[in-house]
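*Asks:* Residue numbers (the working numbering), protein chains in the order written: chain A, 731 to 1035; chain B, 12 to 302; chain C, 3 to 509.
If you're looking for bench data, these hints aren't it; they were derived computationally from the structure. Bear in mind the structure is a predicted one, so any value in this text is a computation, not a measurement. A few of these clues could be false.
What the hints assert, rightly or not - Simulated restraints, written as ranges between beta carbons of each label pair:
1. A:D787 - C:M121: 41 to 49 angstroms
2. A:L747 - B:V45: 18 to 26 angstroms
3. C:G282 - A:P899: 57 to 65 angstroms
4. C:M179 - A:V1012: 23 to 31 angstroms
5. C:A386 - B:V45: 25 to 33 angstroms
6. A:D800 - C:D120: 26 to 34 angstroms
7. C:D440 - B:A72: 55 to 63 angstroms
8. C:G356 - A:R803: 53 to 61 angstroms
Glycine is no exception: its CB is placed at the ideal position from the N, C-alpha and C atoms.
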Amino acid sequence: MLIYLRDKLALSVLVLLTVSLIGFALLRLSGDLAASLAGENASLEEIAALRHSLGLDRSLIVQYGAWLADALRGDLGASFFTHEPVSRLFLDRIGVTATMAGLALVVALALSLPLGVIAALRPNTWIDRAISALALSGQAMPGFWLGLMLISFFGVTLRWLPISGSSTPAHFVLPVAVLALGAVPALTRLMRSGMLDVLEQDYIRTARSKGLPVTLIMLRHAMRNALLPVVSLSAVQLGALLGGSVIVETVFAIEGIGLLTYRSIQRNDFPVVQAMLVFVSVCYVALTLLADLLNAWLDPRLREA
Amino acid sequence: MSDIALPDPRRAALRRALRHGGLIAGLAVVAAVVLLAVFAPLIAPHDPAAQNLTLRLIPPAWQEGGNPAYLLGTDHLGRDYLSRLIFGARVSLAVGLSVMVLSGLIGATLGFLGGYFGGRIDDLVMYVITVRLSMPGLLVALAVMSLLGGSLVTMITVLSLLFWDRYAVVTRTAVRQLRQADFVTAARVAGASHRWILWHEVRPNVMPQILVVATLEMAMAILSEASLSFLGLGIQPPTPSWGIMIAEARSFLFAKPYLVWMPGLAIFALVLAINLLGDGLRDVSQPEGRR
Amino acid sequence: MNQILKNLSVLALCTGLPMGAWADASDDTLHVAVARETDFIDPIHTSSADGDLFATILYDTLIYVDRATREFKPALAESWSWLDDTTVEFRLREGITFHNGEAFNADDVVYTFGLLMDMNNGFRQQQQDFGNIAEVTKVDDWTVRVRLSQPQPTFENLLASRIAIWPDDYTSANGHMIHATAPVGTGPYRLDSLQAGSVYTLSANADYAAHARPAPTIGHIEVRVIPEIQTQIAEVMAGQLDLALSFSPGDAQMLEGMPGVSVQYGPATRMYFLSMDAAGEGENPLADRRVRQAITWAINRPEMTAALISPSAPALTSQCNPAQNFCLTDIEPANGYDLEAARAALAEAGHAEGLDLRLMAEASLRPVAEAIQGYLSQIGIRLAIDTMPLPAWRTAYINGESQMSIVGWGSGVTSADVSNTLGIFFNGSSTDYVQDPDLIAWTAEARQSMDPARRTELYRQVYTRINEEAYVVPLYGVVATYVTSEDVDFPVPVMDFPDLSLVRWAE
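Excised from the complex, chain A in its bound form:
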């Protein structure tokens, strides 16, 4: 188990380095940063001076080295746009996004696990069909469209909920609903198919034929095994939720890291985008590590790997 952990950690470090390098190369190729930062009226000389002062006239490798050295010391640089330290920009905004994504995952799991199990226990009945229809409908709506529809219904027509911003808990209801509905279909379907598969396995059949109560079988064997892919997917989904927060934060005017990154991409604010890439990367690595451990705990067979 310790060796397993050590290998995972080594892999994580390698992954983080790779991502930061890919991100660096990708972003530095995306046009002349100095030209877009200098302002509408800037002259060529002003652009050249800016390029020099930002160190953008050095070679890519040198720039990456400098960035990495700073990053390892915890200095992620300052935004080209507002000159604020990137770490502060992040710390100011991460709470909102994390709250939203975390709530959305909880809501999504709370909905999809029972739905998936019920559907699997009564396959091909009207309950199953109703659940999949529900899941499918959620899946088939673009997030921004759903967001605007919810705003127009709950915010404008009924006036039950605030429309935009993040100042009270009520402000989170609509954005969390949109994010969660985006994650529910995949999780429900995976839970259902995982359950179906497991329920057909020999040992479950044996248990059933022995006359053990269905709930007991479910809890003891079926749920555990059916959860495996769901746990993996949940980790992925949380990342997707962070990424998907771009749309939701734009629609609901929530100042989180998704919106920050989207704006930064638009104005080539490279230190912020780079930091976001590395940050998400760290999150994923930590989460997959956690998911792997959970999987190992849920299915001892995988532990030997």
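Dock chains B and C against the given chain A, drawing on the hints supplied.
*Replies:* Coordinates of chains B and C only, in the frame set by chain A:
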């Protein structure tokens, strides 16, 4: 290996398929959209790019002020909305299908290799998967699209290179669980090659899960195209896509909601049908006695 | 399952709770929405309409531009006079204090000008806007003299917009970046709190010394950044906003006639034109005047402007916005819509069978780009469109990669004079796709001439040459849109440079 042998599995599957309502419905809708896309130039009443600013924002024919020549009305540039919807099917389908297949090839291959062989190969696969998962898909797509501009090919390439992760993760997890299953061990003892085992023993057993992912993925691709369009990085004009149409019409969300509803419904129907198809295929292709 | 249901119902209950106040005068707070965040909220670090919104009410400038008449009026300077073509002397107002209690005098002005002249400070467009300031001298505690290197007829525009006065003690003690987060000025409002890019709250400066600009009457202002316009529309419909400043006329049109909402339009100085690579070398069809003329004649500008921008927006016939000083609209040839002439010109240029061209535009201009694509297809020009985010477009444009582009230019008081908008597109720089030596000379002279008649004459030559050669297609001018609730009395300014301190609660 099968403990229950059906007289003819194919015929049985076909019989199951014909009795599966969801599958038939999904297939019908997808087939209809494919036909619409293929024969778009013959079916569409107008050139989807022909604009006429004096005829802009005509409501659908059944509403007051409608014009029978423009059945579903016109958009903000006076282009026939029905024709744009019909031609839009091409882009949405092309994006959905290509991304589904390409990302499926990448993801499933990685998942098979890692899950089946384990060891160093799995380490490598895990490394590639983790690197990919570590990058927020939509944001990277945004950055790349803003760098390369939005052609159809760029869109498909970017989405395919980014959205294979679910295939890989699900396939790998499923294959890992299978590789020590009795029938795999039995085949190995019997001297079967890895390739044979992978193709004949492992693949059929994870196919249902891959199919589920594939339909989700196609739906994802169509929706991602819409999202990128919403964020201003869609496919370049005048090519209409349903995503672009929603994005363009959103300024009229409160004034002329049907402009948003129509392409929205089109996406909804197509994605729903794809999912029904996937569900159905899964039910049908899964021989009951297999596991 | 039951537990989950219970949790869900608790969640549902929680969410039924506080909603935030409806927008009205009861809490004496003006709720304002804008679509874009700003990098700085002072006008020295940045230069944009987004930043000006805050800068105008946090700071005072030496002279104030009257929002109703566009006249320059005394502000921190009680009076000012030009001693010669390059020297201006300010007589300062006495008895003014900054938000932190620091007293205002000549030292603050000298200190601020000193920062403007130090090019190491890296203010946005510092060289362009402040590079002409040569010297600042304190004559006595209430008199300051500023000398320019070259005559600059538009210097007052800068004095009334970008050159806010910072307190010298506070700024030197904390560094000038302090104004990004804890601004201290003499303006009618002070900043209470900010969540950068998201929410800004301000409250009235009770000690504000009214001059050309009256003291504020509304106690608090809350500005929120809401990037999605549809969301802003929803907020307006739900009665949550008092003032929305980022609507396009098209968006605002939908709100006209809504109970409780008032929609007003005002002049703006921003304009859009179609840039063509007239000076490009190699195989370049746009080097041929007849091709450029064909393109110009094929675009029905009045129709496009009325349909896509606003019926009240000006369709341009010369390379300037009629809202600007020295804009002339009676230029010949006017290059009106004429498809026959366009086809003939294209055929004469040897492109009877058509032509492939590329157009770049910022993403939000997609409808305009598509409209142009449609017009040009009528004369056989196949136009490929690249839409991209603004920085990407700007980079490509500066690097000379544009064959055709839709260019939007100028805003606020610095663009009140055409010298700013003609600026970098005809001056021989890397953003000059025309490179006409006469235009370079004429615009340079006009930029420095202190004689209005001479400037008018020079600009007439410039506009005429541009139209004769069809170097660019002037497209349309912008209309500023102000959506307010009926609780609010908002005087529409004569240019898109609103001063929120002038807003009052309706009687």
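*Asks:* With reference to the structure, classify each hint as holding or not holding.
*Replies:* Hints, verified against the model:
1. A:D787 - C:M121: 41 to 49 angstroms: violated (18 angstroms)
2. A:L747 - B:V45: 18 to 26 angstroms: violated (45 angstroms)
3. C:G282 - A:P899: 57 to 65 angstroms: holds (58 angstroms)
4. C:M179 - A:V1012: 23 to 31 angstroms: holds (29 angstroms)
5. C:A386 - B:V45: 25 to 33 angstroms: holds (28 angstroms)
6. A:D800 - C:D120: 26 to 34 angstroms: For D120 of chain C against D800 of chain A, whose Cβ atoms are near 27 angstroms apart, the range 26 to 34 angstroms holds.
7. C:D440 - B:A72: 55 to 63 angstroms: For A72 of chain B against D440 of chain C, whose Cβ atoms are near 56 angstroms apart, the range 55 to 63 angstroms holds.
8. C:G356 - A:R803: 53 to 61 angstroms: Since G356 of chain C and R803 of chain A have Cβ atoms about 60 angstroms apart, the given range 53 to 61 angstroms holds.
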